[in-house]
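*Asks:* The residues making up each chain are set out below.
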Amino acid sequence: MVLLCFDPDERKPLIPHPNPVSKPPNGTDWLTPSVPSARTDEQALLTSILTKTAQNIIDVSAADSVMMEQHEYMDKARQYSTKLAVLSNSLPQKKALALPSLTSQPHQVLASDLVPYSDVQQVISCTLIHERDV
Amino acid sequence: ILLAQPVSLCCFQTTAALTAGLERIPDQLGYLVISEDGVLASAGELENDEHTAGVMMQMVRTASRFRLPGSAEPPFKRMSVILEDFVYTVTVSGQKVFVVKRQNNQQESISV
Chain F
1 MVLLCFDPDE RKPLIPHPNP VSKPPNGTDW LTPSVPSART DEQALLTSIL
51 TKTAQNIIDV SAADSVMMEQ HEYMDKARQY STKLAVLSNS LPQKKALALP
101 SLTSQPHQVL ASDLVPYSDV QQVISCTLIH ERDV
Chain X
1 ILLAQPVSLC CFQTTAALTA GLERIPDQLG YLVISEDGVL ASAGELENDE
51 HTAGVMMQMV RTASRFRLPG SAEPPFKRMS VILEDFVYTV TVSGQKVFVV
101 KRQNNQQESI SV
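In order, the protein sequence lines correspond to chains F and X. Under my numbering, the first sequence has 96 at position 96, and the numbering climbs by one with no breaks. Under my numbering, the second sequence has 65 at position 65, and the numbering climbs by one with no breaks.
It should be emphasised that the hints constitute simulated quantities derived from the structure, not laboratory data. It cannot be assumed that every hint is accurate.
Stated by the list, open to error - Okay, the calculated bits of chain X under chain F, using three or more residues with CB under 8 Å as the criterion: (1) 18 to 32; (2) 40 to 46; (3) 50 to 56.
Unchecked claim - Just the calculated beta-carbon pair ranges, DEER-fashion: (4) Q70(F) with L68(X): 32 to 40 Å; (5) E47(X) with P116(F): 23 to 31 Å; (6) T127(F) with E45(X): 41 to 49 Å.
All C-beta atoms in this analysis are idealised placements derived from N, C-alpha and C, irrespective of residue type, glycine included.
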């Protein structure tokens, strides 16, 4: 559990300044050796967590100062659209290809004579020869 | 056994309805008309046969990818799946796959 306590000296910075010269002169620095060692360890741990957190924060408060004009937005949008269009054209089509039309008279094609038995037998023997040679 | 068979043209029935012509095919045991979305019509031994429809669709898709050098179109009009007692004849027209199961009356049994 982490207990958060308000420091009586609210002006004290949460993160100690890296430069020891600019430490608060009042001697209340919480890494002073006068505090018990258990407390020091805890404080040191908290300090390191705080420092890491501060390092990981990206300050976006200044982002508002970078204002883009309307036409700049439009230009960028157009630029990205063009790039996307070029990329999507070069990608292989995922969609299954449409069925080819084999005939315009399906009933007639299906009703015509079946493959003669001799043709079937020839194909079978060719296949067997091919399989044997492979 | 799968054969891609060129079929010669003759003048027989050009304005039939989707299935009317299929009913009159000699020795037919049943038929399927399949679109990209599923079975449009079925009858006889192939009535509501979604499984056969799926297999035939896949087979004709695979077969129709085959091209002869210098040709843009598949080099066949009908695919025949020949079994001992019957034959599935399959063709594609107007984005629809037509499958007709026909009796195989040939005397000799096919030995592989």
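*Asks:* It remains to establish, for every hint, whether it holds in the given structure.
*Replies:* To see whether the hints hold, each was checked on the structure:
1. Counting residues of the stretch 18 to 32 of chain X whose CB lies closer than 8 Å to any CB of chain F gives 5, so the stated coverage by that chain holds, three being the minimum.
2. Note: the stretch 40 to 46 of chain X has 0 residues with beta-carbon separation from chain F under 8 Å; the three-residue rule is not met and the coverage is violated.
3. Coverage of a stretch by a chain is defined here by at least three residues with a beta carbon nearer than 8 Å to that chain's beta carbons; for the stretch 50 to 56 of chain X and chain F the count is 0, and the condition is violated.
4. Judged by the Cβ atoms, the range 32 to 40 Å given for Q70(F) and L68(X) is violated: they are separated by roughly 58 Å.
5. For E47(X) and P116(F), the hinted distance range of 23 to 31 Å is satisfied, since their beta carbons lie about 30 Å from each other.
6. For T127(F) and E45(X), the Cβ-Cβ distance of about 28 Å falls outside the hinted range of 41 to 49 Å, so the restraint is violated.
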